[in-house]
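**Q** Here the protein sequences come in this chain order: G and E.
Under the numbering used here, the final residue of the first sequence carries the number 111; numbering is consecutive throughout.
Under the numbering used here, the final residue of the second sequence carries the number 114; numbering is consecutive throughout.
FYI, nobody ran anything at the bench for these hints, they're computed from the structure.
Just so we're clear, the structure is a prediction, and the values are computed from it rather than from any experiment.
Do not take every clue at face value.
Lysine-lysine pairs mimicking DSBU-like chemistry, simulated, CA-CA at most 30 Å apart [said to hold, decoys possible]:
# : chain 1 : residue 1 : chain 2 : residue 2
1 : E       : Lys-57    : G       : Lys-42
2 : E       : Lys-11    : G       : Lys-69
3 : G       : Lys-42    : E       : Lys-11
4 : G       : Lys-69    : E       : Lys-15
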Amino acid sequence: ILNVEQSPQSLHVQEGDSTNFTCSFPSSNFYALHWYRWETAKSPEALFVMTLNGDEKKKGRISATLNTKEGYSYLYIKGSQPEDSATYLCAFRSNDYKLSFGAGTTVTVRA
Amino acid sequence: GAGVSQSPSNKVTEKGKDVELRCDPISGHTALYWYRQSLGQGLEFLIYFQGNSAPDKSGLPSDRFSAERTGGSVSTLTIQRTQQEDSAVYLCASSQAIHYNEQFFGPGTRLTVL
Numbered sequence: 001i002l003n004v005e006q007s008p009q010s011l012h013v014q015e016g017d018s019t020n021f022t023c024s025f026p027s028s029n030f031y032a033l034h035w036y037r038w039e040t041a042k043s044p045e046a047l048f049v050m051t052l053n054g055d056e057k058k059k060g061r062i063s064a065t066l067n068t069k070e071g072y073s074y075l076y077i078k079g080s081q082p083e084d085s086a087t088y089l090c091a092f093r094s095n096d097y098k099l100s101f102g103a104g105t106t107v108t109v110r111a
Numbered sequence: 001g002a003g004v005s006q007s008p009s010n011k012v013t014e015k016g017k018d019v020e021l022r023c024d025p026i027s028g029h030t031a032l033y034w035y036r037q038s039l040g041q042g043l044e045f046l047i048y049f050q051g052n053s054a055p056d057k058s059g060l061p062s063d064r065f066s067a068e069r070t071g072g073s074v075s076t077l078t079i080q081r082t083q084q085e086d087s088a089v090y091l092c093a094s095s096q097a098i099h100y101n102e103q104f105f106g107p108g109t110r111l112t113v114l
């Protein structure tokens with residue numbers, strides 16, 4: 001089991017505010033870093049798959065950065081909306097294709 | 001199908017009974033993955049298939065757990081002599097191939113062992 005940590009565990013954001021949170025992962029045997037969004041009673045939805053050091057990905061108001069050398073990724077939400085409320089999971093994929101998930105950051109956006 | 005499907009959506013069983021969980025991946029996806037989420041825990045990788053082959057079964061929690069895949073499509077996860085600690089949501093995902101990174105998840109099976 002590989003150590004993938006996410007912080008904070010949860011956060012509350014006022015609608016319209018921006019926020020960000022962290023995923024840290026092993027810096028060796030790196031294959032890819034995944035971000036998923038998981039809403040209650042739904043399946044996890046893939047947000048980003050990042051493979052190269054320095055990668056930056058963007059999808060609407062959500063973006064992510066990757067630093068494979070130091071083993072961290074940030075997820076940013078700009079101008080949070082109530083529909084952004086979900087648990088955001090990161091997962092480290094090692095070069096044996098296994099995925100190790102973090103425990104998630106649960107975001108609650110207050111209207 | 002349009003997405004990954006799993007059945008049953010909910011399963012309640014008595015301790016000691018065997019259960020089978022089914023996953024239908026997206027048509028044409030050669031890679032299939034099983035995960036579980038126990039209460040208060042993160043997602044735990046169990047096993048993956050490349051075609052019908054499972055190269056690494058070390059993620060299965062105990063020898064009561066087994067999985068198979070036939071015809072490169074449907075997979076079943078079998079838990080024998082269920083225990084209360086087996087209660088969890090079991091998720092299946094598929095991807096176009098093992099080296100294709102994006103995985104598509106099914107809705108999960110919630111297993112409750114009384």
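**Q** Given the hinted pair Lys-11 of chain E and Lys-69 of chain G, is their Cα-Cα distance within 30 Å?
**A** 43 Å, violated
**Q** Starting from Lys-57 of chain E, check that the Cα of Lys-42 of chain G is at most 30 Å away, please.
**A** OK: Lys-57 of chain E and Lys-42 of chain G at ~27 Å, within 30 Å.
**Q** Are Lys-42 of chain G and Lys-11 of chain E close enough, with their CA atoms no more than 30 Å apart?
**A** Status holds; Cα separation ~17 Å.
**Q** Verify the proposed pairing of Lys-69 of chain G with Lys-15 of chain E, using a straight-line Cα cut of 30 Å.
**A** With Cα atoms ~46 Å apart, Lys-69 of chain G and Lys-15 of chain E exceed 30 Å; violated.
In this structure, the earlier hints numbered 2, 4 are contradicted, and the remaining ones agree with it.
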